[in-house]
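Number of protein chains: 2
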Amino acid sequence: MYEAEIVLRHAGQLLTVPPSATGGAPDDVGLIEDGALAIAEGRVLWVGPTAELERHVKVTGDTGQYDLHGRVVTPGLVDPHTHLVFAGAREREFALRAAGRPYLEILAEGGGILSTVRATRAATEDELVRLALPRLQRFLTYGVTTVEAKSGYGLSLEHELKILRATYRVGELHPVRVVPTFLGAHAVPAEFRDRKAAYVRHLVDEMLPAVAGERLAEFCDIFVDDGVFSLADARKVLGRAKELGLRPRMHAGQFNDHGGPQLAARLGAASADHLEHVSPAGIRAMAKGGVVAVLLPGAALSLGQTPPDARRFTEAGVRVALATDLNPGTSMTENLPLMMTLGIAQLKLTPEQALRGVTDHAAAALGRSGRVGTLAIGAAADVAVFDVGDWRRLAYHFGVPHAEMVLIEGEVVWTRDRIRKVAPRRGSRKG
Amino acid sequence: MYEAEIVLRHAGQLLTVPPSATGGAPDDVGLIEDGALAIAEGRVLWVGPTAELERHVKVTGDTGQYDLHGRVVTPGLVDPHTHLVFAGAREREFALRAAGRPYLEILAEGGGILSTVRATRAATEDELVRLALPRLQRFLTYGVTTVEAKSGYGLSLEHELKILRATYRVGELHPVRVVPTFLGAHAVPAEFRDRKAAYVRHLVDEMLPAVAGERLAEFCDIFVDDGVFSLADARKVLGRAKELGLRPRMHAGQFNDHGGPQLAARLGAASADHLEHVSPAGIRAMAKGGVVAVLLPGAALSLGQTPPDARRFTEAGVRVALATDLNPGTSMTENLPLMMTLGIAQLKLTPEQALRGVTDHAAAALGRSGRVGTLAIGAAADVAVFDVGDWRRLAYHFGVPHAEMVLIEGEVVWTRDRIRKVAPRRGSRKG
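In order, the protein sequence lines correspond to chains A and B. The first sequence maps to residues 1 to 431 in the numbering used here. The second sequence maps to residues 1 to 431 in the numbering used here.
Among these hints, one or two may not hold up.
The calculated label-pair distances, taken between Cβ atoms and stated as ranges, are [claimed, not checked]:
{"hint": "1", "chain 1": "A", "residue 1": "Lys421", "chain 2": "B", "residue 2": "Arg92", "range": "29 to 35 Å"}
{"hint": "2", "chain 1": "A", "residue 1": "Asp417", "chain 2": "B", "residue 2": "Arg92", "range": "27 to 33 Å"}
{"hint": "3", "chain 1": "A", "residue 1": "Ala122", "chain 2": "B", "residue 2": "Leu31", "range": "25 to 31 Å"}
{"hint": "4", "chain 1": "A", "residue 1": "Glu109", "chain 2": "B", "residue 2": "Thr22", "range": "35 to 41 Å"}
{"hint": "5", "chain 1": "B", "residue 1": "Arg420", "chain 2": "A", "residue 2": "Val422", "range": "32 to 38 Å"}
{"hint": "6", "chain 1": "A", "residue 1": "Gly367", "chain 2": "B", "residue 2": "Lys196", "range": "56 to 62 Å"}
No wet-lab data here; the hints were simulated from the structure. Note that the coordinates shown come from a computational prediction; the quantities given were computed from them, not determined experimentally. Virtual Cβ for every residue (Gly too), placed ideally from N, Cα, C.
Can you build the whole structure from these sequences, using the hints too?
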């Protein structure tokens with residue numbers, strides 16, 4: 001019998017979310033009533049009904065013990081698509097779009113992404129760190145414990161490396177786990193205007209080797225759409241990324257379907273993201289290739305787009321993840337549970353699918369199914385405790401924060417201070 | 001020169017929002033840069049640039065002084081349509097609707113409103129007070145200082161009075177200003193099934209006189225739509241309400257247009273609410289009658305409806321207000337700034353119109369333009385301080401709380417404790 005370092009008792013509902021990587025079904029959230037969780041060495045040691053806890057794990061005077069009084073426990077939430085590190089804000093553009101200006105038109109005039117590029121290039125690495133930290137903290141207050149973070153507002157060797165180094169530092173300074181993605185192919189920078197091919201060569205020949213050499217990114221992403229990059233560009237960039245050990249992912253079909261999902265599947269991409277416009281053939285290819293569909297209802301909302309119908313993906317056997325798409329242009333929010341609300345109300349996911357979308361399926365989009373986004377035994381002890389009586393209220397009671405306490409790798413990293421440790425009363429920091 | 005009890009200095013942007021009742025234009029938010037506000041006897045004493053403050057008001061050693069360090073100041077926000085007082089939750093129904101079940105079908109089967117009626121009837125007045133208080137507190141953390149609150153989950157003399165008494169007590173216990181509306185005509189209760197005419201008689205002959213006799217409501221509302229009440233019912237109920245001194249308002253056109261807006265105008269209603277379905281003639285009648293259009297994007301979102309295009313109203317000269325519609329069925333949220341986001345992104349309001357929609361136009365919907373929802377001199381000193389650098393970020397950076405400090409009638413009633421009073425250092429409670 002193993003000794004627990006921390007135990008949580010009396011979760012009214014504890015959702016383990018069985019990982020898809022080991023056969024977890026698309027609608028199974030692994031609900032345990034009056035649940036308990038035992039943690040040792042930063043991992044889930046045991047999970048089950050509170051009544052059975054001490055038959056399975058040893059609780060000693062050193063064990064940190066919490067009584068949750070019926071609150072809901074889920075795996076720490078996972079946001080698989082954010083643009084965490086940037087400078088500047090674009091509230092004016094939000095108003096322009098409301099007045100009917102199309103996004104691609106704003107982009108073509110040097111607004112959109114490129115205005116954030118100017119602000120981000122002007123910022124120092126320290127400034128970017130300082131700006132990103134409160135965003136991570138806000139994520140934490142919504143129960144989010146893992147956040148993917150893309151570069152892509154530098155668009156030059158110097159500034160992309162600066163952003164990725166800031167991303168690395170933010171992940172070291174803050175308890176939230178940060179998964180870095182290189183998105184040098186986010187837009188064609190002004191100095192390469194009308195010379196896109198030259199920028200793609202620069203990406204392939206100089207930027208990618210430098211990023212890989214410093215081990216600054218785990219994934220490589222590219223924005224395939226009208227006015228940005230083509231499928232042929234994606235083949236070059238993601239092909240080279242794979243050779244250098246970066247796993248591909250792709251912004252595909254946000255405005256038009258260029259066949260990105262099929263290429264994503266062929267390249268073994270972890271995910272294809274956006275997908276407002278995707279053909280049945282694209283969906284079939286994603287299902288066959290195990291590519292996760294990362295849907296971004298916040299961006300569709302901000303852009304006044306019709307959000308995609310998630311049932312097209314779920315019915316074809318594609319795992320659907322949900323993300324905030326946190327970015328200064330089209331989705332300025334860290335409220336990941338709000339994406340569950342939009343996922344259910346607009347994308348037509350079931351509540352179970354929406355929860356998997358911000359836990360296991362999001363983890364799968366980051367190549368981490370079974371490691372995070374689940375409370376399966378052996379997974380990272382990333383835990384969110386919510387002050388609700390039913391887990392479906394996370395989506396139903398929307399726009400407001402519900403998290404009470406968050407653990408990452410078994411450490412309490414955030415709390416509203418309404419949950420008190422019941423033992424040991426004068427414990428070590430470890431408890 | 002008058003003596004100030006409280007002064008706020010150095011608001012990066014201070015928005016006075018000139019009241020429409022005294023000619024405030026539909027797009028004017030009254031922006032003052034580096035603004036200051038002086039308060040005396042719970043009212044706005046003076047407002048203008050910080051540099052001019054002490055030329056206009058006397059600041060003494062007793063004046064409570066705050067330096068806002070560039071934060072944004074708006075009038076305390078006004079939510080003109082909520083169902084604040086109820087028991088029970090309906091997260092299961094949220095999932096049913098996501099699975100494609102129409103709301104009116106759920107209602108016809110005794111779900112919807114009627115399931116909340118059962119839970120609310122079973123609750124005591126004390127329980128209803130206890131349930132409503134945290135909702136008001138949540139409103140406050142979004143900068144909301146006035147909330148309309150409808151009855152309508154009792155649907156019998158005994159239980160409607162219980163709800164309205166609970167509403168009155170909540171308003172006494174909590175600093176947020178609560179404006180009560182009698183909505184006995186929210187649905188036909190089970191015991192009057194197939195006897196709607198008898199229920200309408202009961203409303204007119206017994207419930208309305210009792211409500212008016214106890215002075216428990218300022219407004220009377222009715223839900224005019226398929227399967228609920230007809231225009232003829234509305235004529236009877238609202239006509240009698242007017243005789244008894246209650247001002248009319250109306251749920252109109254949520255699912256179908258029955259001509260409610262025209263009747264609302266004829267009766268001198270303060271507002272017509274929902275309006276997903278409304279004819280050009282209905283809009284013209286509202287413009288002519290000065291009826292405020294209260295739009296509810298949270299309900300449209302939860303129901304998967306196409307939200308109304310607010311430009312139809314603004315272009316016709318109708319004042320548009322935005323509300324959460326807080327209710328356990330179709331819009332469970334206290335996040336009023338999120339309605340500004342939806343108002344801009346989906347309803348096509350400008351940021352200026354969206355701000356007026358939760359301040360002056362919302363106040364007008366409650367018959368209070370010039371008294372709340374504005375920082376005009378003489379208005380209630382209800383003030384929201386937000387930790388943003390530009391007021392448009394309230395809508396742009398969505399789903400997350402931005403309020404830092406809230407005053408109601410000149411008293412600091414809520415703060416995140418990051419704004420410190422600079423003088424007097426050891427002040428009285430009054431400061």
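Evaluated hints:
| no. | hint | verdict |
| --- | --- | --- |
| 1 | Lys421(A) - Arg92(B): 29 to 35 Å | holds (34 Å) |
| 2 | Asp417(A) - Arg92(B): 27 to 33 Å | holds (31 Å) |
| 3 | Ala122(A) - Leu31(B): 25 to 31 Å | holds (26 Å) |
| 4 | Glu109(A) - Thr22(B): 35 to 41 Å | holds (40 Å) |
| 5 | Arg420(B) - Val422(A): 32 to 38 Å | holds (35 Å) |
| 6 | Gly367(A) - Lys196(B): 56 to 62 Å | holds (59 Å) |
When held up to the earlier numbered hints, the structure conflicts with none and fits them all.
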